[in-house]
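Residue numbers (our numbering), protein chains in the order written: chain A, 1 to 112; chain B, 113 to 225.
Note that these hints are calculated values from the structure, not bench results. All figures in this text were calculated on a predicted structure; none of them were measured in a lab. Each residue gets a CB set at the ideal place from its N, CA and C atoms; glycine is no exception. Treat the hints with care, since some could be wrong.
[Claimed, not checked] FRET-style restraints, in silico, Cβ to Cβ:
id : chain 1 : residue 1 : chain 2 : residue 2 : range
1  : B       : Arg-121   : A       : Glu-15    : 24 to 34 Å
2  : B       : Arg-134   : A       : Gln-14    : 38 to 48 Å
3  : A       : Ser-30    : B       : Asp-169   : 16 to 26 Å
4  : A       : Thr-20    : B       : Asn-183   : 42 to 52 Å
5  : B       : Ile-117   : A       : Tyr-98    : 21 to 31 Å
6  : A       : Thr-20    : B       : Met-151   : 33 to 43 Å
7  : B       : Pro-182   : A       : Gly-16    : 32 to 42 Å
8  : B       : Met-151   : A       : Glu-15    : 32 to 42 Å
9  : B       : Arg-153   : A       : Pro-8     : 13 to 23 Å
10 : A       : Ile-109   : B       : Arg-153   : 12 to 22 Å
11 : A       : Ile-109   : B       : Leu-225   : 23 to 33 Å
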Amino acid sequence: GQQVMQIPQYQHVQEGEDFTTYCNSSTTLSNIQWYKQRPGGHPVFLIQLVKSGEVKKQKRLTFQFGEAKKNSSLHITATQTTDVGTYFCAGRASGGSYIPTFGRGTSLIVHP
Amino acid sequence: DAGVIQSPRHEVTEMGQEVTLRCKPISGHNSLFWYRQTMMRGLELLIYFNNNVPIDDSGMPEDRFSAKMPNASFSTLKIQPSEPRDSAVYFCASSPQGSQPQHFGDGTRLSIL
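Work out the full structure: start from the sequences and follow the hints.
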């Protein structure tokens, strides 16, 4: 079955440093979604990417979808303590299951 | 707008007891998902309903787990009998259609002693 892998599992950064998490799928994706879960909270939808090579920005967050639609990344510029949490990608396979498969997530810890 | 509503928020019970978790999806959403989250296994999809019909229950761990969706505004996840290894946070999520972004509830934090 489809697998969605995220790396790294954990990332410690000093406040102000950049952060990137990567998502890789074993199959071609029709779209990919990104979610953020704050400690003690629930996953919250951030964005969806659909097109090959697509790049979207939300303030300090930049999301990319690979040309082959098998990988994606989330980059945060100049992290702040409010960025702390776990970032999940969820990919829907092309021609496969109608629902997205979640990765294990990357937990971001920001040290002030 | 009201989001996905789950109850109870916390549940502590002894092993062997029956546990029932409840979920009210966002009105108008046709898809409903139950997830289990633990440190060891991450976020696992247990079951997915579309238009109140279970479509994929391959993630349900074993026969002790069952889920129902009697109508578009209510779903339950039942564990009978419960075991300590069932301790986790259980999330319910809904979306307009299965492939669209999901809205998660606050979760139920379940502890089985």
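Each hint tested on the structure:
1. Arg-121(B) to Glu-15(A): 24 to 34 Å: holds (32 Å)
2. Arg-134(B) to Gln-14(A): 38 to 48 Å: holds (43 Å)
3. Ser-30(A) to Asp-169(B): 16 to 26 Å: holds (23 Å)
4. Thr-20(A) to Asn-183(B): 42 to 52 Å: Once the Cβ atoms are compared, 44 Å apart, the range 42 to 52 Å for Asn-183(B) and Thr-20(A) holds.
5. Ile-117(B) to Tyr-98(A): 21 to 31 Å: The hint (21 to 31 Å, Cβ to Cβ) holds, given that Ile-117(B) and Tyr-98(A) are roughly 25 Å apart.
6. Thr-20(A) to Met-151(B): 33 to 43 Å: Violated - the Cβ-Cβ distance for Thr-20(A) and Met-151(B), about 23 Å, lies outside 33 to 43 Å.
7. Pro-182(B) to Gly-16(A): 32 to 42 Å: Roughly 52 Å apart at Cβ, these two residues miss the hinted range, so it is violated.
8. Met-151(B) to Glu-15(A): 32 to 42 Å: violated (25 Å)
9. Arg-153(B) to Pro-8(A): 13 to 23 Å: holds (18 Å)
10. Ile-109(A) to Arg-153(B): 12 to 22 Å: Distance hint for Ile-109(A), Arg-153(B) holds at roughly 21 Å.
11. Ile-109(A) to Leu-225(B): 23 to 33 Å: holds (31 Å)
When held up to the earlier numbered hints, the structure conflicts with 6, 7 and 8 and fits the remainder.
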